[in-house]
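The primary structure of each chain is shown beneath.
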Amino acid sequence: MTDARHDPPPAVPPRSDAYETAPKGARETAPKGARETAPKGARDKDFEQVWATPDGARALSSVSHRVVGKRFLITGFIFFLIAGILALLVRLQLMVPENTFLDSETYNQVFTMHGTIMMFLFAIPMLEGFAVYLIPLMIGARDLVFPRLGAFGYYCYLFGGIIVLSSFVFDAAPAGGWFMYVPLSTSQYTQGLSADFWLIGITLAEIASVTAAIEIIASILCSRAPGMSLTRMPILMWYLLVTAFMIAIGFPPLIIGSILLEAERLLGLPFFDITQGGDPLLWQHLFWLFGHPEVYIIFLPGAGMVATMLPVFVGKPLFGYGFAVAAVVTMGFLSFGLWAHHMFATGLPILSLSLFSAASTMVAVPTGVQIFCFIATLSLARPRLTVPMYFILGFLFIFVLGGLTGVMLAAVPFNLQAHDSYFVVAHLHYVLIGGFVFPMFGALYYWVPHFTGRMMSERLGKWAFWLMFSGFNLAFFMMHLTGLRGMPRRIATYPADLGWDRLNMLSTFGAFVLAAGIAVFIVDFFRHRHAGPKAGHDPWGAATLEWLHTPVTPDYNFRAIPEIRSREPLWDQPELTDRPATEIAGALRDNADHRRETIGCDPVTGAPVQILRLPHPTWFPLIAALGLAVLFGATLASLYWLSGVGAGIALAGFTGWVWEPSDSGAVRDSGIRDGLELPVNVVNRHSHLYVGNMAMILILFALFASLLFAGMYLWNTQPLSADATQRPARIYALLTLGLAVVVFTLSWMISRSVLLGGPLMLTAMLNVLLAVIVAGVALTLTLALVPVDPWSSAFAAVGWTLAAYIGALLAVMLYWTLFNALRKLVGAVGPGQGLPDFLLGSFGKAAAVMTAITAAAFLFAGTPQ
Amino acid sequence: MARTKAYAVGIALTGAALAAMVWSAGRPGHGMAARLVAHLAVVADAAFGDVAGWLRSGAADGQPDWASAAQDVWQGDADRGAALMVHYGCGSCHVIPGVTGARGSVGPGLGGFADRAYVGGVLPNEPAGLVRWLIDPPLHSPQTAMPDLGVDEADARDMAAYLYTLRGG
Amino acid sequence: MERDIPQSALDIYGAQSALEPAGFGAAIVFDLTFAMTVAFGTVFVGVMLLVWLAWRRDRPARHWWVWSGGIVLPVVSILVLMVASTAALVAMTRSDDTALVVDVTGHQFWWDLVYDPDGLAVRDANEMVLPAGRPVTLRLQSADVIHSFWVPSLSGKMDMIPGRVNTLTLTATEPGRYRGQCAEFCGLSHPRMAFEVVVLEPAAFDRWLIRTAGEARDAARPELLRGRQVFIDYGCAACHAVRGVATGARLGPDLTRVGARGSLGAGMWRMNQGNLAGWIADVGDMKPGAKMPSYNHLSGPDLRAVSAWLVSLK
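Protein chains in written order, with my numbering: chain A, 1425 to 2289; chain B, 481 to 649; chain C, 4 to 317.
You can take every hint at face value.
Calculated lysine to aspartate or glutamate pairs in the EDC-like style (CA-CA distance at most 20 Å, straight line):
id: 1; chain 1: B; residue 1: Lys485; chain 2: A; residue 2: Glu1882
id: 2; chain 1: C; residue 1: Lys294; chain 2: A; residue 2: Glu1529
id: 3; chain 1: C; residue 1: Lys294; chain 2: A; residue 2: Asp1527
Computed far set for chain A versus chain C, every beta-carbon distance over 12 Å:
id: 4; residue: Glu1472
id: 5; residue: Thr1477
id: 6; residue: Ala1507
id: 7; residue: Leu1617
id: 8; residue: Ala1955
id: 9; residue: Gly1960
id: 10; residue: Ala1966
id: 11; residue: Pro2041
id: 12; residue: Ala2074
id: 13; residue: Leu2100
id: 14; residue: Ile2121
id: 15; residue: Ile2155
id: 16; residue: Leu2186
None of these hints come from the bench; they were simulated from the model. No residue lacks a Cβ here, since even glycine has one placed at the ideal position from N, Cα and C.
Make the full structure from the sequences, and use the hints.
Laid out in structure tokens, this is it:
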């Protein structure tokens, strides 16, 4: 019997033109100054040891995506269970009318925390966990492109979640609903620290979401395997890419809103106070500008996981890949135009009502396209009914029903009856549990063999599914009727004999059946760790690259990064499956520098353009996150000196993190055929750091735009107060505008200097000059606002907040320019290592634009008095 | 064979779930079927009550149950009494087991009322005294905060009968 | 002598269900709801059937499946829905100059009402009386946080937001009692902020309005005078107005005809002397978060007297 592994490898396909030449300028740059060798202590490590995860307590310093991904998943699941128990408490209280199991205050805390934990501490981190774990494995990379950012994000999430949960211990759990409407949540109506726990803890946890968005965008665009063009990516990558862009644009309004509300509570600034030109609806707009995209952010990865698993169990590629991609991108854009359908009862003008109603129904179209692609895939062959497939079928049933009630809710007259009633509670649980939780459980059954190397039980899995499916429908289906019978949301109890009694009792019963199903899953998970059958190679017969190794995949993911020629590499490329995974031909088999590295690609075509150097385990992300946690926690406790200490720790952590210069300037043999040499960490627009920087700038613009929105909204709805506000000093606003132009020019000059290979001294001088100008801008901006009292009106307060935001950007620039100059001064960087200055150039231009817009607004806002 | 059994179980369970959902949508106390059921429940309850009373009365040792007889309110309907307590608003001031929404803490809780010695601190706890108290509390205790709610004798008898079912609280 | 005791909340409070419409707006929405349920229910069954068919067939799908199912079908149904719902919305929100105007102000946790604010300016609280068959324009405001006015049997809801006046036009079509409830989370006693709407025949409503505009039917029997004195002596008039006895206070509900209301505490307990006495003595226990302090320092006789007097104000 011949062993295919000993046959000569199949003929190499002809070379594509994309690989013809190395990028211009790569060979000419001398490696002088580049770190050619491994950091201290790593010189003698072989490939496996370079990639090994540290053990014991030092595992906390690991930044590898597999470790960070599992941390997100485990922590997220624990929060899911906590929030689930809170839900059972809610249902126990509502089981009979006039129940006294929980008093009003406790009930309000319980339902608030249930929603808050589920939305912020479970759903988003869980999808981040899947993204962080699966993306490099599916695109053929050895790690994400910003591992330290991922680790930092996880610790911020952990500490933020602990702050929020600790509110129970201090008997100050938030009780204002997960949406924290004002004026109820302002300092006037909610005394004490409960709302502050929410605002401060959730904002810290949200840092994880935006850093994950940056990481996902840069990794998917810049680190795919050679030959994996955008149209050859696994469909899940498209879903995650769109989700990441939605996070980048959708989270900033909530961050800004939280900052405004916290400023109101801490400093008394009147953003939402109608007596001072504020508006309670401003909070609702900011919240729902986030809140609506948020639910699609939660739904899309679930649908993406269905799109990944479904073809595997049918044995055929996904039907209508192009349709599905177009639908996902459309949904991403459309979801930002629907937010006011949460506000139909607030007295919006009839034109707004009609527009938002129409847009809300329109989103059913791309959703329907995806569902029909899934159904069409089912028809391509006889599907296998495995446990994940059960959950996919459950998704189809539950999510489609939820989507249809959503279209009903988009009709304004119906919405005016169903809004804030149990009909909406039923709808939101159908789409969230159907659209995310069911696919998540399917995904857990599907990928757990990848985490642990063993299969979970088919029998217990079916029990878990049927208990969850039936319990869910028993609990939530009749809630549609409960709402139409007049039961409002968020009520701790209800009178008897209004027709709600039996409905609530049935819902409680169903909730416990659902919980039983989840309990079966947990039992099965722990049982399979020692008793489950070992998973063989590719146990599901999947097509994507994460199943290349026999589970468990080694720490480095790919010994050599293979070239990809198909969307289903394991089905279409025999050279990947006919030999042991460690012997597959590909790039970067050599490890001459004893550094962690992977291949960087062109964002569209997937052609290899650089070698990406990746960080080794480090403590700095944990230190930085710890510093932030101390900063946030101390502010909550009003111990402001401790906040300063925390800020110092965070700054030290960040400095240590970025101190080590990149290896730019070196050129290495990539191991792709014909000795293709690639530069290490290129210093141009192909750099993953450039793409990440751009993603960060997108987030900064979204934050800025949210603040501008707040100002323009108040100017539009409270014109008397806005016009009566004192105008900032024009001369200083004009000066700021002028200096902003200078900042723009200097930033542009710095990045040109790097690209053209200018002398280090020149760039250093430009750094220092920029630092001085930036300090000047901060001064002129402050002087412009001196005549304006932020407490005089909401409009003035927004103006000050805008300036504070610009001030924060300027502070970052100050630090960055001086840091760059310092490193050149001490000789820590050499020529060709200009990435920090290249990125500073883009950041400086963005900050200059935002400063100029702010200065222009100050020139015309308000009236001089 | 196992397949058919699985389908049968599935259909049965689905049927049960659907029946539960239909049941939950029902409004108790309305419609002819519900009234019929309620009437049957009253008849059955009365029958059970007689049997239970006979059992409780210690027929085993042939001795009459003086304690229960002493608290037997003539022409008192305990179920109607519980509904009357909602009607008169007793629950705003007293915690009363078995009466929905009766959680008031203005006056003493009425759990275990049957075991108490006095009514309102002034009258002996026996049907005559309790009925008189309920009809006009201020007459018997001029400083009491419990108002004269215009309770007539029939209503007072019903409420007294209910109160004497509250034991051991 | 079998007296019929009201057994259930529905006998006292009236319907609180969008599925039992008794108003013009609610009836329109009921028809829309029914139509949508049938239509989307059919779509749902159809999609599930398609899943089952796809599972069993081995012939691969064509692109036109996705086109028709995923794009054409939703677009057509959405257009139909938009036309129907816009028509319904226009019909529901049509304002009427001859409408009766009522100012409704939401507080934590009660409802302040002023009928015909530019004319008779009759102030009342918590139980709204409306004429059948005549449009009513409610001007909804809030004195503190966001509340929402919702009587499911009569019409859709509208939020009450501090700083703005939202208008809700409703027309009750059938006389009867209906219950409404605050539908925007407003704090500790949000579940206990309900109210009742009594719909009368137009002639009866006119009589009621004139009667309510007048002074309180006060102290009809001499033994109630003590209660009125307690009301004044203990400072209740600082928050509660009773026309003809104590005027000017607007911090709490107007009590001129409190005894005539069917419920107490904003639609939560039946109006009778027992509940009133319990309320006055310990409102903090019945409705946590209510701004009214518990008057548990009243003597027993004083409590009986003032509750008797209040329940006599019919």
